[in-house]
Each structure stands twice: as structure tokens, then as C-alpha cells.
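Enquirer: Chains as they are written, first to last, in the working numbering: chain A, 1 to 426; chain H, 1001 to 1525.
Hints are computed from structural coordinates only; laboratory data are not their basis. A portion of the hints provided could be inaccurate.
Facing chain A, a subset of chain H residues (Cβ under 10 Å, in silico) [stated by the list, open to error]: (1) ASN1155; (2) PRO1158; (3) VAL1159; (4) GLY1160; (5) ALA1352; (6) PHE1353; (7) ARG1367; (8) LEU1372; (9) ARG1384; (10) PHE1391; (11) LEU1397; (12) HIS1516; (13) GLY1519; (14) ILE1520.
Glycine residues also receive a C-beta, built at the ideal position from the N, C-alpha and C atoms.
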Amino acid sequence: MDAPARTAAITSGDQATREETPRHRSAVRRAVSALAVLRTGHPAVIFALALVSGLFVSSIVIVVSTAQVRSAWGDLFTDPGTTFAVTFDFLGSAYGALLRGSIANPAAFQHAFQYPSAATWSEAFTPLGNTLVSAVPLIITGLGLSLAYRSGAFNMGGQSQLILGAAAASWVGFSFTGMPWFPHVLLGFAAAAAGGALAGLIPGVLKALTGASEVIVTIMLNYVAANFLTYLLSGTFFRAPGTGDNPVGRVTVPSATLGRIFGPDLPVNTGFIVAILVVIFVAVLLNRSRLGFEFQIAGASRAAARVAGIRQAWVYIGAFALSGAIVGIAGGVQILGVTQQLQTGFGADIGYLAILVAFAGGNRPLGVTLVALLYGALETGGLTMQFDSGISYELTNVIQSLIVLFVTAPALIAGIFRLRQRERLT
Amino acid sequence: MDVSAASAEPASAAATEVAVELRSVTKRYGAVTANDRIPLTVRGGEIHVLVGENGAGKSTLMGILSGTVRPDEGQVLVRGEDVTGYSPRAAIVKGVGMVHQHFRLVGAFTVAQNIALGFEPRGRFRTLDAVASRESARRVSDQFGLALDPDAVVNDLPVGLQQRVEIVKTLMRKAHVLIFDEPTAVLTEEESAALFTILRKLREDGRAIIFITHKLREALALADTISVLRRGKLVVTLKPGETSVAELGTLMVGRAVAAVRQENGAGTAAPASREAAPLLAVRGAALRPKALHSVPVRDLTIEAHPGEVVSVLGVDGNGQQEIISLLTGTERPDEGTVTVNGRDLTGQRPGAFLAAGLGVVPADRQREGLVLPMSIARNLLLDRRHERRFFRARGLLLNERAASAYAREMMEKYDIRAQRPEQPVASLSGGNQQKVVLARELERDISVLVAAHPTRGLDVGSIEYVHAKLLELKARGRAVVVVTSDLDEATALSDVICVLYRGAIAGVVRPPFSRHELGILMGGK
């Protein structure tokens, strides 16, 4: 039934009973119009339905690929009760683990309420903390890339910018000793931003001056940067003494370490605050600033930008430098807050995942943040799922990907659930 | 569907039978009622002209008929069958075809490929049958005297011929109801005349034709029946013999329109002090063609003095685009100089031209004049990013409140029909989009305006307004350069007309203007 028709049916029903006061009636009407929102394809509704769909399809994958559940389905016609009991049991434990690992463990909360102490509360919030920690670099990197995408610069070089940012932060972190905490950390981030900006400037300048495809240049620079990192770790300056075959970088000094915000037992470090600052900065830049306005004009229509007197070359250079600087900060957060030292292969996963996060989040600050949090939750919850219900690492990856796939295809969800597409005014 | 079997199916038997009937069709967008209980009946063998201002609801109504818009209330009947709320695909199957204002063609494909697209004839192994698609394209185009070469690449064709490709495309899908959305907006006078001949042939064949236009003279010349829409309502349906241009204009706008007759005082009270230094001058400029099919510009000299309107008049494709590029700094001339406000800006970038006091209304408003996904408020600031009033924190941040208030003011002043300033420009009708561009440029503090086709696609009410605005600019002692292919517009506004032919000025004409003389110069004779 159509939403207006439904409203009409219910309101006429109200009048027939004549029991309610006018105030009640308007409350009912308001509730009904709130329900109608569900069919209009509101982004939040789409997001929720995408999650449900992703979990549903994942369930099928789990059922098909898990031996004990599969064998129970062999008895579908002789003993359907057991079949469904086994299936729901297994799915319940798997998704339960996903939730326990990423958001909260009810048992730990209960424990914390019974024996309230810093330690028990920390334990209760640990899953959420883990989610935040794995989301933070994705948020920052995703937003850095979004900034470039909104400006029409296809920065695929998250990895190279992360590496240069991390290397710079690491250098400041282990070689500057005797500095107080705050200036040292600040200097570390400044170095990270400078390193990332440098990695971003190379494709930006090449694009502006020669028209070289920034997609190819950034992807190729990722390989260069990865090998540059290996080179750095093969020398004695960056390599920690005593690590030969599998070299890692020197450990940062305590004054350059991002402290934990909520006590020593919760893994959430000040990088989380950096992420919030970056979200605010990018949101203001894109939505409120003149520079962001100019970047986006160029990103949306080159012809319009030219007529409006905006120089495309400067947009490429500026957007790439700024984008690289933000991505570099993410590298800094990882080094100063999480790993404390460089490792070979650093940045490859985050650099590519962030591209996906940026696009899935619609290149908008809030969207990117939400998708990064979702990915962080799936990442940490997936680990618990592996340990608790014996689902393989590969399968948890498949589940993650399925959920993200549905989230990134709003048109698909709108089609499956027959939501009305939002219409445009002509 | 097999295209090779398609032919002129709707024979004369279908004529005079009711082809389409809309019963009390209503469509709302939020608070706006785009169509308010509209009844419309179109018979086979009838040309039904629909006139109305921008935003009167014409496009929505045709969207309902062609299946892209679902009506909230009312019924749609095609040949007596209730098809309310059908899909665009179903509309094609039922024989309703639309020739869009912005053509839906693949530029790099040939005429035959474009025509076959989506309904390709298949060979024995489900492969594309290129021969069959060429043959059928040729057959249908010959049948109606369309004279199309199936192997021509669409990008190489002039606009008039591209439109014919669209027409053949709809005919191939056995359309017996053809909707034309402002088809003459992009055509020259000759091309329009040729289109009318084609439309009359289609009428004789028994097809129903719905023709949307702003041009009232055209409506009277072509129509069997005229329906007038105003603010979502059908005002009246009448026969062309019963009415006049003036009456139609009044019905359409809802008040008497002054400038319906266009030849009202060319070169009016021109105080053009030609001794004063020109505000915009191009001297001896030449531009070699940069892209395929672009026209070389030779020995171009145009001067616009304070208080003067200069028109560059010519049939499209004679170098207008190149001249606009030279005047606005988007191309640097290979020879010659460009000065704005007495400053030599030869070789400078567009930003310098804007800063020197040049206003630009670009030819392609959707691509060059606007950023479609951005709001009305933002689009009003595109080239006004250095004006203090819209920014704060030393120009770093946008002053959202000031921008929004300003947009509201402009929406009121320029009658931009929209719900709110934050609405994306893409959601506005073509005419309202043009008004956004005009509002931005005319309100800027400029000394000279270069306006390319300033009234293309606008309705009479808006044309009158835009012309008044341009003349007001002139009265304030500014200079205006109008680049246009519309003879009426040039004669209505200009103090000087430079007629353009193949990239060079074929003649400079001062009032009184003779349409005959201008026509001959435009034709290159």
C-alpha cells in the first residue's frame, strides 16, 4: 500500500473509533509518517538494510562452508527441528562472537557492574576500544583520500603517503631525545604530515605540469615507497640493532609515544583524538572553506572551474599535497600510537582499504567515518569470531567483504527492498 | 524487438483515433505541485503544441507520459489502454517515443549504430547485424525525407542532423506518439523550418505529435491544437486560428508581456560614446584550430565601448565558441591583442579577465556555467570567491548565512523557481539554471559582459527580463557583447552587429538593421 493511502486508512480509522483525543491522533499520525520514512530510501534505512542483507548472505556462506551445519541439513526432511536448531545455534554463536569482539561482551559488563573497578570496566570496554584503534588509521587515511577525490585528483597512493609519513614520524620519534611529551608528539605529526605531503606532491606536480595520469603514478609510487621502506630498514640508521633477517625499525622514545586516553588497560590512544580533529578539519575544509569550495568546483567540472578563473594545475598540486599530508598523519598515528617502530610491508593494507572506505563513505566526512568504524568493528570482531566459533580467517574475510559490498551499493538495496528512489524536482 | 522489421507502422487508419489521454494527472514534489489535475487528449494525425514558462510543469507532464515520472494521481491512457505509472521501457513498447532536448546519443558512434542501440538486429549467431541496422536506418530516414548518412559519426554532424538521428531512433521503435521537448531551442531558422516539414510528414502518416516550445510564433505556425500550462495547471486548450501571439503570451505568463513582439527599438537611444576607450577590445586576433572540427579564427577585431551592445551574430559552428574563448581568456590568441578596461590581457588566464571586470555567461551553462551537484547558493558564488561579503575569517571560510540570504534574494529578484537555496542546481529546469548564471554575472560589479546565447531555451517572460537587464547594463555605461545565432535577439539589442561567417567578420552592420541584409551576410554571400 502506498504511504499516503496508508495514512489515510489509519486516520479514518481513528475517526471511526472516536476514542482518542486530538493530541493522540496527531501522535498516531506522526508515528505513521515516521514509518513512511522507512520506504523513502533514507540513507540510514539503506545502511541498516545493507547490514541485514550482508549478514543474511553471510549466513548462507557460513551454513554451506561449515561441516557440522551442513551435515545437519542432510536431515532436513527427517528431523527439521534439529537442522534449524543446529543452524541457528551456530549462526548465533558466530555473530555473537562478532558482536562480543567488536562492541561489547555482556558478561564482561555484568562482571564490571558486580565488581566495579578500573580494571573490570576497562575489560568491558576493550572490544569497543579495539574497534576504535583499528578504525582510526582508516578514518584519517580515508578522509585524506576523499579530499583528493572530491577535488578530481584520483589519489591511489595511500600506501606511499602512509610510508613516508610513518618514516618521518619514526625518525623524529627515535632520534630526538630529551624533549617534553607534547612538543615531541607535535613535531612527530608535523614530520608525518610533511612526509605524506612530499609523497603526494610528486604525483600532483607531475599531473599539473605534464598531465601524467595520477592513477598510474600513485600506484607505481606505492611500489617505490614499499621498497624504499625496505631500503631504510636495511641500513643501520633506521634498523633496530640486532634485527637482521627480519628487520624492524628503531623503537620511538617514550616522550614521542601517544598515551592511552582511558587508562593503561584500554588500547585507545590519543590517535583517536587526532582522528576526530581530522574529521572536523576535513568537514570544515570541504563544506565551509573557500579553498575546499575551489577544489570541489574543479573536481566537479573542469570547464566550470576554468571559466570561473580557477587554475587546474594549482588544484592538483594543492589537493595532492593536502591529501598526502593527512594520509601521512595516519602513518604517524600508527607509528607513535600503535607499533612504535617501522616494519616492512607497512601501510599496504590500510592504503588500499582506505580507498574503499573513502568511496563507500561517499567521500563525505561522516560517511567515511562510519564506514571506517564498521570496517574496524568487522576487523576486530572477525578475530573473536575466528577464536570462538572456529570460523576460518578466510571466511571472516568473506563476511566482511559481503557486508561492505552491500553497504557500498545503495541502489542494489533500494532495488531488493523496493524502496522508492528519492525523486528530483524538475 | 527486431528493428529490421520496423517500418512506418502506424498507418492512416490510426489517424483521428485518440492516441493519448491524460485524465486529471497530478504530480507533487514536496510542497510544489508540478502538475495539478491536468487533462490532455492528443489524437493521431494531430500536432499538439504545449506552451508554458520554465517550471510550468511541461517536462514533468511529458515525463509522466514517457514513463520516467510516476504520477501521484490520475490516469494515463495510450490508445485506450490504461498504462498509468508504466516504465520508460514499457512506454517505448506501447509506442510512446521522446526526442529529448539534450540528445541521448553516443557521440563516437555512427548514425546507424546510434539508431540500433538497445534494439540491435541480430545475425545468425546472435552477433550484431551491422548491415541490417544500416539498411533499416537508411530506409526509415528516406521514408520521411530525413537525408541521413548511416555511416556518419554523430559528433561530426551539426545539431539539426543530430536531432534527426533522435527522430529516426524513436520512429524505429514504432512510436506512434512522438514527444518533442523544445526541439527548436538548439536549431537555426533553416533547421527549424526543415524540422517542421518533417513533423508535417509525420502528421500525415497518422502519428500523434506533442511539441513543447517557448516560441509562440512557432506554436501558431505549426500547431493543430495548443495547450497552455501555467504553474502546474492547464490554463486552456485552443485552436491556433482562435488566438494570437500576444494572447498566448498573456495566458502563459499570467500578465501582459511587453516584448512579445521582438523588434522593439533596435539600438534604442544609444548614447554610445564611440570616442571613449573600449571596455573590451580584440584587435587583429587569430586562433588556429586546436581540435578537429574547430573553426580557425582570422583577423578578428571587435570593440565594445561604454554604453554599447555589440552582437556577434552567426549560424552556429562559424567560430562562436572560439571567439568566446578569446574574449574570456580561456584561449590565448596566436596573433593580436585582447584588452579589458584598457589593460592588455593578451595571454593572461581567465582569472585575470574576471578580475579586470569581465562578466561571462558561457554558451554551455550546464558544463561551463554551473556545477550541477552544488547548491544554488554555491553556484551564485562560483566566480565571486574574492568578494568579502560572502566570506569570513579573512576570506578563508564561507559565510554560509550571507550566501544563503543572498541566494534567497536572487531567487526572488530573478524569479528562480526553486524551493530553497541549498537545493542542487541539477534539480532546476533549464531556464531556471540559466537564470542562476545570469543572476551571478549581472549582479557582479563588472564593466563588460560577454553573454553567449543569453536567452537560449528561455521562455518569453524570461527573455523579456534578460533583455531588459542587458539594456540596463548598457544604460549604466557598461559594455555588452552578445554572441548569438538568433537574428531577432541581435536586432532587438544591438548598437552594432558583427556578422560572423566561417571564423571571420563578414560585415559590421549598424541600425537600422535589415533582416534581409543580415541573413545574406550570415549565409556568407
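Enquirer: Interface hint check: ILE1520 (chain H), Cβ to nearest Cβ on chain A, cutoff 10 Å. Holds or violated?
Expert: violated, 34 Å
Enquirer: Should the interface hint for LEU1397 (chain H) be scored as holding, given a Cβ-Cβ cut-off of 10 Å against chain A?
Expert: holds, 5 Å
Enquirer: At a threshold of 10 Å, is the proposed contact between ALA1352 (chain H) and chain A supported by beta-carbon distances?
Expert: holds, 8 Å
Enquirer: With a cut-off of 10 Å on the beta carbons, see whether HIS1516 (chain H) makes it to chain A.
Expert: violated, 36 Å
Enquirer: Hint validation: GLY1160 (chain H) versus chain A, beta carbon distance must be below 10 Å. Holds or violated?
Expert: Constraint on GLY1160 (chain H) not satisfied, violated at 24 Å.
Enquirer: Quick check on the hint: LEU1372 (chain H) CB to chain A CB, less than 10 Å?
Expert: This interface hint holds because 7 Å falls under the 10 Å limit.
Enquirer: Given VAL1159 (chain H) as an interface hint, is its Cβ closer than 10 Å to any Cβ of chain A?
Expert: violated, 19 Å
Enquirer: Tell me if the interface restraint on ASN1155 (chain H) is satisfied: Cβ within less than 10 Å of some Cβ in chain A.
Expert: violated, 17 Å
Enquirer: Hint check: is the beta carbon of GLY1519 (chain H) less than 10 Å from a beta carbon of chain A?
Expert: Cβ of GLY1519 (chain H) sits 32 Å from chain A, so the hint is violated.
Enquirer: Once the shortest beta carbon distance from PHE1391 (chain H) to chain A is found, is it less than 10 Å?
Expert: holds, 6 Å
Enquirer: Is the hint on PHE1353 (chain H) kept, meaning its closest Cβ partner in chain A is under 10 Å away?
Expert: The hint holds - PHE1353 (chain H) has a Cβ within 10 Å of chain A, the shortest such distance being about 7 Å.
Enquirer: Any CB of chain A closer than 10 Å to the CB of ARG1384 (chain H)?
Expert: holds, 9 Å
Comparing the model with each numbered hint stated earlier shows that hints 1, 2, 3, 4, 12, 13 and 14 do not hold.
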